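Chains as they are written, first to last, in this note's numbering: chain A, 1 to 215; chain B, 216 to 355.
A couple of the hints might just be wrong.
Claimed, not checked - Taking lysine-lysine and the DSBU-like style, the derived pairs with C-alpha atoms no more than 30 Å apart in a straight line are:
{"hint": "1", "chain 1": "A", "residue 1": "Lys89", "chain 2": "A", "residue 2": "Lys176"}
{"hint": "2", "chain 1": "A", "residue 1": "Lys21", "chain 2": "B", "residue 2": "Lys315"}
{"hint": "3", "chain 1": "B", "residue 1": "Lys254", "chain 2": "A", "residue 2": "Lys70"}
Calculated directly from the structure, the hints in this document are not laboratory data.
This one's a predicted model, so the numbers in the text were calculated from it and none came from an experiment.
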Amino acid sequence: MNEVNPEILARIRQGETNLFKEIVDIYKDRAFSLTMKILKNREESEDALQESFLRLFRAISSDSYEAKAKFSTYFYTIVYNTAVDYYRKYNAGSFNVTSIEIHEANYNDGDELTRDFEPNVDRSLYDTESMSTERNIETAEVTSIIRGYINTIPQQYSVILNMFFINELSHEEISKILKIPLGTVKNRIFRAKEKLKEILFKEFNKEELIEYIKV
Amino acid sequence: MNDINKIEEFLESGIKTSLSESVSLDFTDKLMREVEMAKEFERQDKKTYKMLNFIIAGVITVIITSGVMLGYLLGGEGADESSGGLIAGAKDLFNGLSTKVFGLFGISLSGDAIMYVFFAGAAIVLFSLIDRFILKKSYN
């Protein structure tokens, strides 16, 4: 990931405000993905992100950002905390990234990942006898399943996945920002990926899926 | 690359695509306007603090200097020995200095006049000290 050049920070501190735009352009979409995972509303997410950038600007210009800390970790900590503040403001409860509510009696490990997810593959298009040979996998279907799965997994997973895959933070950095054990971070990323793999292999023939991926 | 790695790579790419979001087109422009405003507010705040510092330091200096001056004036009229004694001693010292030092230049200044000049100087020093070490520290 592009880390911000310390010289740019020094120049912003000296009054070259227009250089702050460079930082905004690097981080705006990635950070917005994170606020969206927490707030699930475009307007509130953009407001929270704007507030995060303003907090960052004040920290840079007042010299309270210490260059010892990695810039991206520092910035995403601001973004996460601001989004959680907004979540509290717009929702009655507090945002909980630690525990996952489980209601079912016969709960299996990882069930919470697909609680709200129903794969939407139009099976009428397949030959019922042999799914693999009569019809090739459609890219749109695979994309739709992955997207549907990611959009319905609990925030306790999606926030971590976002920080790892989009914000490109390390397991340690995520653990530090969210204040949860390192093992939990690693476990959730692993489980989310395994569950997705399981769903895809259940929906599509494994060999054909591998062939599709290779192409 | 083996099949497992290919699948992993495919899944990760799918997850990334599904998680990606983009801000509205005018987000940066709106934000930069807010940043400019924040900068202007900061500048105004600094000005206000500076002026406030000046006023507070001035008021504190006037209070302290008036207190000491009052003590001096009352001491001169033969008040108690503890405060009056110290000020009377200072007055005697300035009277002696006036005769010896200023006498060399042919100038005649009373002890009282030197005392007032001394108070004015002390007030300026006091003002600078309050402004620099107490007020500026508390606002920064």
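Is the Cα-Cα distance between Lys89/A and Lys176/A 30 Å or less? Cα-Cα ~24 Å, so holds.
Is Lys254/B close enough to Lys70/A, meaning Cα to Cα at most 30 Å? Satisfied, since the Cα-Cα distance of roughly 24 Å is no more than 30 Å.
Given the hint that Lys21/A pairs with Lys315/B, does the C-alpha gap stay at or below 30 Å? Cα-Cα ~70 Å, so violated.
In this structure, only the earlier hint numbered 2 is contradicted, and the remaining ones agree with it.
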